[in-house]
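Chemist: Respectively, the protein sequence lines represent chains Y and V. Going letter by letter, the first sequence gives residues 1 to 115 in this note's numbering. Going letter by letter, the second sequence gives residues 116 to 228 in this note's numbering.
In case anyone wonders, no lab produced these hints; they're calculated from the structure. Do not rely on the hints blindly, as some may be mistaken.
To be verified - Under 7 Å between C-beta atoms, here's a sample of chain Y residues computed to sit facing chain V:
1) Met-41
2) Glu-42
3) Leu-43
4) Leu-90
5) Asp-102
6) Gln-104
7) Phe-106
8) Gly-107
9) Pro-108
10) Gly-109
Everything numeric in this text was worked out from a predicted model, so none of it was measured. Note that the Cβ used here is the ideal one computed from N, Cα and C, for glycine as well.
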Amino acid sequence: EADIYQTPRYLVIGTGKKITLECSQTMGHDKMYWYQQDPGMELHLIHYSYGVNSTEKGDLSSESTVSRIRTEHFPLTLESARPSHTSQYLCASSERKTGGTDTQYFGPGTRLTVL
Amino acid sequence: GDSVTQMEGPVTLSEEAFLTINCTYTATGYPSLFWYVQYPGEGLQLLLKATKADDKGSNKGFEATYRKETTSFHLEKGSVQVSDSAVYFCALSDGGGSEKLVFGKGTKLTVNP
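Bound conformation, chain Y alone (with noise of 0.2 Å):
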């Protein structure tokens, strides 16, 4: 089972401030995504990484940006928070087995909410 830790849990701030999301997991996995949980539960793909310096945006437009400089840490960065960016924010991470399939292993998640 994969150890993914996300920083803070929770915050809540101002309008117009930027903000990092942390995300960082120590099983040594290539893959990583972020997902956007709205109020109805529904999850949405933002972002998605494959490995250093590798990263992709997901199904799910979103004006947050990802760095990818070292495997395990995968950071979700907003540049000027609005209300609209209120939600729970997911991280999580695979590995890919030989001759098998990816399976997702999630962090505890951030509630972020701005005023």
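Got chain Y; can you put chain V on it based on the hints?
Modeler: Just chain V, lined up with the frame of chain Y:
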């Protein structure tokens, strides 16, 4: 594109009742199928998975069988407990290169004592 449809909730049961949460999928290839559970205030935890037709995934008394003929992966538990109250997500991974998960919309389960 690939999609997952799961029964809408909320579902409310009494302790020791039988649970079924329906999940059907649409996929062009041969996907792997997953059930994740999300307890209040937490992230998602993998509950069980199945990677090919007729596989049965099981964990903590929950079971689901990969039915290719009906494109289904229904979650069942014979006797639910209050501690099973959570949101349950069905998901698929096509494994054919995109390696991304497609989730259903989630089903909230509440179990009363």
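Chemist: So, for every hint listed, does it hold in this structure?
Modeler: Evaluation of the provided hints:
1. Met-41: holds, 4 Å
2. Glu-42: holds, 5 Å
3. Leu-43: holds, 5 Å
4. Leu-90: Y/Leu-90 check passes; min Cβ-Cβ to chain V is 5 Å, inside 7 Å.
5. Asp-102: holds, 5 Å
6. Gln-104: holds, 6 Å
7. Phe-106: At about 4 Å, which falls below the 7 Å cut-off, the nearest Cβ of chain V leaves the hint on Y/Phe-106 intact, so it holds.
8. Gly-107: holds, 5 Å
9. Pro-108: holds, 4 Å
10. Gly-109: Constraint on Y/Gly-109 satisfied, holds at 5 Å.
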